[in-house]
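2 protein chains.
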Amino acid sequence: MEKSVFQYKVAPKQVDFTRRLSVSSTFDIILGAAGDDAHSRGFGVDALAQNNYGWVLSRICFELDYLPQEYSEFTLYTWISDYNRLSSTRNFELVDAEGREFGRAVSQWCMLDFSTRMPADMNAMAKAHEGNMVEAPSPCERPRRLAALDGEPVLQHRVTYSDIDFNRHMNTMRYIDIIFDTMPIDMLEKLDKLRMDINFMREARYGDELSLLCEERDNMRLYEFRNAAGDVLCRASLEEK
Amino acid sequence: MEKSVFQYKVAPKQVDFTRRLSVSSTFDIILGAAGDDAHSRGFGVDALAQNNYGWVLSRICFELDYLPQEYSEFTLYTWISDYNRLSSTRNFELVDAEGREFGRAVSQWCMLDFSTRMPADMNAMAKAHEGNMVEAPSPCERPRRLAALDGEPVLQHRVTYSDIDFNRHMNTMRYIDIIFDTMPIDMLEKLDKLRMDINFMREARYGDELSLLCEERDNMRLYEFRNAAGDVLCRASLEEK
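In order, the protein sequences belong to chains A and B.
Each residue of the first sequence is one higher than the last, beginning at 0 in numbering that gives the first Met the number 0.
Each residue of the second sequence is one higher than the last, beginning at 0 in numbering that gives the first Met the number 0.
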């Protein structure tokens, strides 16, 4: 098997006020490629839905050496390198028009049986991966397991109509948007080389009142989303390099 | 001249929890087609920017007979029918795979000289339109001029990083998102045939504290965005048919 290849051009609606691809658009492109590749190889959400199974993103990390300018073109390579009983590892490399690798990502996905909310059986996992693995290592350190925070709430957010997807869960991109909305604008202006790790633990649902906690530790910004019951929904870390 | 033609397929990220194209995605598609068509005909924002001119959307209306399902395909036709000293009229028709027209829109654009914040001179207007007009009438009643509201504030919103575009102004789609976020979820679930009119008066900038006022009158929902100084930024009306 070969890595799958996708071509992109940074569209005006994917850039932020610095006219560079925003981190949340990068994340959207990566997840879009994952979905399209799984679909074209016959194990996308549509195929799995027939058995009431689905892919759930549990962890992801991505590293960007710089944020590409509006209208610049790049190539994305994606492949599954391995899987175990509980999760599947999908990798990504982003290469610019000059042939330089400027971004990389590693994601871990669980296959869930939606009728029981439990992991799918081993047969289903094996079947989805048969003939779909590429023997190439992950392009960077795999997503880290993020520890609990001691930080203070910096934002409250009620999950609204425009936040939710077809499942009535908050869209994964919105976590990134909300995190970035709390950062000082001059930090966002000069943001460049970075690594982000995200752990998804539990879905945010329509109407949920979310708190976002933030803590700075070891040169990293750490974030944690909680719902009103105090459940941790998502943790993220941002490291500027 | 002929109408310009664009093809679309409703993508998973353009649908809402009802698995139908959301109104804000429809608006995004319409504005995207306007930008792409202006660009390919040589009078897009990129060409105008050389003279420090730009297009600014002043009014738009759109009518949808139904909201298309996820993965359904449709064709969009767009053309400029006329212009005067102050604005240019761009029209849209949306036709589904069965050949039924299910949507239409009319937009009015001003050409602004950004160095003076005043309307561009008549020469620039004439030049942009030369050879680019199509002799076909607007497909529905043109955007209405919306009157002031007596309504109460139903929402406060601070303009954040993820709301703004390259100009540091709130993205036009976000006005629609915020309006829809205030509607009851069961109204959004059964939303079907509708007409929306929007008047844009003044930009919302990064950090602005917006109030959204709402009033129901004559079977219509009327909305008005104001900034902290009390300036009216945008008015909208929604009519369910």
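The hints are simulated quantities; they were obtained by calculation from the structure and are not laboratory data.
Be careful, since some hints might not be right.
[Stated by the list, open to error] Okay, the calculated beta carbon distance ranges per label pair: (1) A:R204 to B:D120: 51 to 57 Å; (2) A:D45 to B:M182: 25 to 31 Å; (3) B:T181 to A:P136: 45 to 51 Å; (4) A:T115 to B:D185: 26 to 32 Å.
C-beta atoms are modelled at their ideal positions from N, C-alpha and C, and glycine is treated no differently.
Against the structure, the hints come out as follows:
1. A:R204 to B:D120: 51 to 57 Å: holds, 54 Å
2. A:D45 to B:M182: 25 to 31 Å: For B:M182 against A:D45, whose Cβ atoms are near 30 Å apart, the range 25 to 31 Å holds.
3. B:T181 to A:P136: 45 to 51 Å: Once the Cβ atoms are compared, 49 Å apart, the range 45 to 51 Å for A:P136 and B:T181 holds.
4. A:T115 to B:D185: 26 to 32 Å: holds, 29 Å
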